[in-house]
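J.: Chain by chain, the residues run as shown.
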Amino acid sequence: MKKVNFHNLSSNLSLLLLAFVLVFSTSILAQENGDVKAGEALYKSNCAACHKLDKKGVGPALRNVAEKYERDWLYKWIKNSQGLIKSGDSKAVALFAEYNNSVMTSFPGLSNNDIDNILAYTSLPKPEPKIAVAPVTAKNNDDGNLQNIILAVLVLILLLLVIMFYLVAKSLAKLYKVNGIEEKIEPKIPLWKIFVKNQFLMLVSAIMFLLVAAYFMYGFFMQIGIDQGYAPVQPIHYSHKIHAGANEIDCNYCHSSARKSKHSGIPSLNVCMNCHKHISEYNGEEDLANGYTKDFYDKEIAKLYDAVGWDDAEQRYTGEEKPVKWVRIHNLPDFVYFNHSQHVKVAGVECQTCHGPVEEMEIMYQHSSLTMGWCIDCHRETNVDLENNGYYEKIHEELSKKYNVEKLTAAELGGLECGKCHY
Amino acid sequence: MITNMKRPVNILITLIITIVMVSCWTDNKKPNFQYMPNMYEPVGYKTYGEYKGFPRQMEAMLPVSGSIPRGWIPYGYKNTPEGKALATKELKIPIEVNEENLSKGKELFNIYCAICHGKKGDGQGTLVKREKFLGIPSLADKGRNITEGDIYHVMMYGLNSMGSYASQTNEKERWQITMHALDLKSKLNGEPLWSSTQNDPTEKETTSEKAN
Numbered sequence: 001m002k003k004v005n006f007h008n009l010s011s012n013l014s015l016l017l018l019a020f021v022l023v024f025s026t027s028i029l030a031q032e033n034g035d036v037k038a039g040e041a042l043y044k045s046n047c048a049a050c051h052k053l054d055k056k057g058v059g060p061a062l063r064n065v066a067e068k069y070e071r072d073w074l075y076k077w078i079k080n081s082q083g084l085i086k087s088g089d090s091k092a093v094a095l096f097a098e099y100n101n102s103v104m105t106s107f108p109g110l111s112n113n114d115i116d117n118i119l120a121y122t123s124l125p126k127p128e129p130k131i132a133v134a135p136v137t138a139k140n141n142d143d144g145n146l147q148n149i150i151l152a153v154l155v156l157i158l159l160l161l162v163i164m165f166y167l168v169a170k171s172l173a174k175l176y177k178v179n180g181i182e183e184k185i186e187p188k189i190p191l192w193k194i195f196v197k198n199q200f201l202m203l204v205s206a207i208m209f210l211l212v213a214a215y216f217m218y219g220f221f222m223q224i225g226i227d228q229g230y231a232p233v234q235p236i237h238y239s240h241k242i243h244a245g246a247n248e249i250d251c252n253y254c255h256s257s258a259r260k261s262k263h264s265g266i267p268s269l270n271v272c273m274n275c276h277k278h279i280s281e282y283n284g285e286e287d288l289a290n291g292y293t294k295d296f297y298d299k300e301i302a303k304l305y306d307a308v309g310w311d312d313a314e315q316r317y318t319g320e321e322k323p324v325k326w327v328r329i330h331n332l333p334d335f336v337y338f339n340h341s342q343h344v345k346v347a348g349v350e351c352q353t354c355h356g357p358v359e360e361m362e363i364m365y366q367h368s369s370l371t372m373g374w375c376i377d378c379h380r381e382t383n384v385d386l387e388n389n390g391y392y393e394k395i396h397e398e399l400s401k402k403y404n405v406e407k408l409t410a411a412e413l414g415g416l417e418c419g420k421c422h423y
Numbered sequence: 001m002i003t004n005m006k007r008p009v010n011i012l013i014t015l016i017i018t019i020v021m022v023s024c025w026t027d028n029k030k031p032n033f034q035y036m037p038n039m040y041e042p043v044g045y046k047t048y049g050e051y052k053g054f055p056r057q058m059e060a061m062l063p064v065s066g067s068i069p070r071g072w073i074p075y076g077y078k079n080t081p082e083g084k085a086l087a088t089k090e091l092k093i094p095i096e097v098n099e100e101n102l103s104k105g106k107e108l109f110n111i112y113c114a115i116c117h118g119k120k121g122d123g124q125g126t127l128v129k130r131e132k133f134l135g136i137p138s139l140a141d142k143g144r145n146i147t148e149g150d151i152y153h154v155m156m157y158g159l160n161s162m163g164s165y166a167s168q169t170n171e172k173e174r175w176q177i178t179m180h181a182l183d184l185k186s187k188l189n190g191e192p193l194w195s196s197t198q199n200d201p202t203e204k205e206t207t208s209e210k211a212n
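Note that the protein sequences, when read in sequence, are chains A and B.
The first sequence lines up with residues 1 to 423 when you count with my numbering.
The second sequence lines up with residues 1 to 212 when you count with my numbering.
Just chain A, same shape as in the assembly (with noise of 0.2 Å):
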């Protein structure tokens, strides 16, 4: 807060004074209360896997728990929760039962005075939001109001050029007629009508057009049924760009039925809530040019808390689910089959070699084309691994031989035949 404070400031005797001020404060600090920094260590990596400080988790908040509860019980709960609970501590057993006799794992590794580092650290007051984070979003709106207003300006000005030159030419006309002068009409043959009584002009430039328009044609007709690009708006907004990017999430971890049967699958959402049961709010990167700011995520997540039926504040189910109306983006015509298990497990093909750069997607689309070409293109240019594979040795030999090459492709094994993917 203090940082806030002095942040415009830009002497550099301010800066020292700051630099005082913080040293200063942090020392008084560790004094009290024990050594906050080797608290927060300590929280990090023993506590918070269950319990946060201002909200509940697996386990009640921890934030000022130390006014709470009397320091010597805190050091018997801590070390050994459950020898606590069969002694028959009356607070201890009224806790166990309040969050669904959940077991707090003991930690007999813990000495007292390392409970007492991480009580100073849960004893810290709640720092107060980043008053910083208003005034960006804020501006972000007026980027995008800003051009929209340049953008009615532009038209406007279209607009008012358009209106100048019909004015100007009806005054000309009318200067014209009040001074008497009249147009000329000439008896001059116009430029068109030369250009229709020329035959062969004609004639080419009709097959230029007759070219061209086919092209076009062309063009449109073999689109027709593509949907490459296809990025249709999902009901809950799901950045593959944070989870499979940024995060490393491998994909067969929510699509886990990719590897054993013909579709991806649309993971269910209890995939979703094994970790956002704990994660419920975003702390990553904000992309303000596009909105995509703690706020909006924010508010995702609580679309995920609404559809599953998840009250966050007492951490428990409602029973209430709605379904998600995903909206599928790869579709494959009904005449074709395909199995993924056969690409991702079989073939050992990558996610991205069809779907793309996936985890560069914030709004997931559909890369390739998925025409049939696109298949075959691939099929003839892959090799299969045939290492250890005992069963089809005799055969792949004399696949080899007959087309006379080391690797087989996917397309000499057979992976052109009509029958393969449409019966």
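Don't read these hints as lab results, they were simulated from the structure.
None of the values given here were measured: they were computed from a predicted structure.
Don't take each hint at face value.
[Stated by the list, open to error] Straight-line distance between alpha carbons at most 20 Å, and here's what the computed SDA-like set of lysine to any residue pairs gives:
(1) A:Lys44 / B:Thr47
(2) B:Lys132 / A:Tyr253
(3) B:Lys132 / A:Leu370
(4) B:Lys129 / A:Leu370
(5) B:Lys172 / B:Asn160
(6) B:Lys84 / A:Pro127
(7) A:Lys262 / B:Tyr45
(8) B:Lys187 / B:Thr197
(9) B:Lys30 / A:Leu370
Take the given structure of chain A and dock chain B to it, following the hints.
T.: Relative to chain A, chain B alone:
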């Protein structure tokens, strides 16, 4: 004069029409249109399709209650501290400890577990390093002293902040992961690999019988 006057207006109109048409065609939020859709759309129900007659119009449904997938074996331990203690004590790996199962286990561990528990099992996965999750214990944590039954039970039901992985893995896969986790634990403790101590031929026979 008249033609001159009209020209800018004409240009403007054409421009507007083109912009509107182009923006309609390149709207990537809507699917492209199809030639003869009945060739594309299946007669049967499409996976994740929306059809009348289903509850909530959802084609994706849970199996009929009480139905059991082929090869599925019920898991007898309850999701309670007592159930966990019992599983820790009794539950043993029912499949053979071999190279194939271990390498599968490693692959699956790296997909599902390593993101938090770390590829070495030291509790330093990517999500921990990025402070999304904190306090993930090492597999070799002395206070926990994990065992095979323990690992399997926790994967089945989840524990505290960890969710259940029963929907993403099947029984065999969970045992394969357990094998790899025990190997990692012994490696972290600086002991000989757990799997190398499991090659007792008599035990192998009994375990493979159990699996059948």
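J.: Would you mind marking each hint as holding or not holding in the structure?
T.: A quick look at each hint next to the structure:
1. A:Lys44 / B:Thr47: Status violated; Cα separation ~43 Å.
2. B:Lys132 / A:Tyr253: 17 Å, holds
3. B:Lys132 / A:Leu370: 36 Å, violated
4. B:Lys129 / A:Leu370: 38 Å, violated
5. B:Lys172 / B:Asn160: Violated. B:Lys172 to B:Asn160 sits at ~24 Å, over the 20 Å cutoff.
6. B:Lys84 / A:Pro127: With a Cα-Cα distance of about 39 Å, the restraint between B:Lys84 and A:Pro127 is violated, given a limit of 20 Å.
7. A:Lys262 / B:Tyr45: Answer holds: A:Lys262 to B:Tyr45 is near 15 Å, not above 20 Å.
8. B:Lys187 / B:Thr197: 13 Å, holds
9. B:Lys30 / A:Leu370: 17 Å, holds
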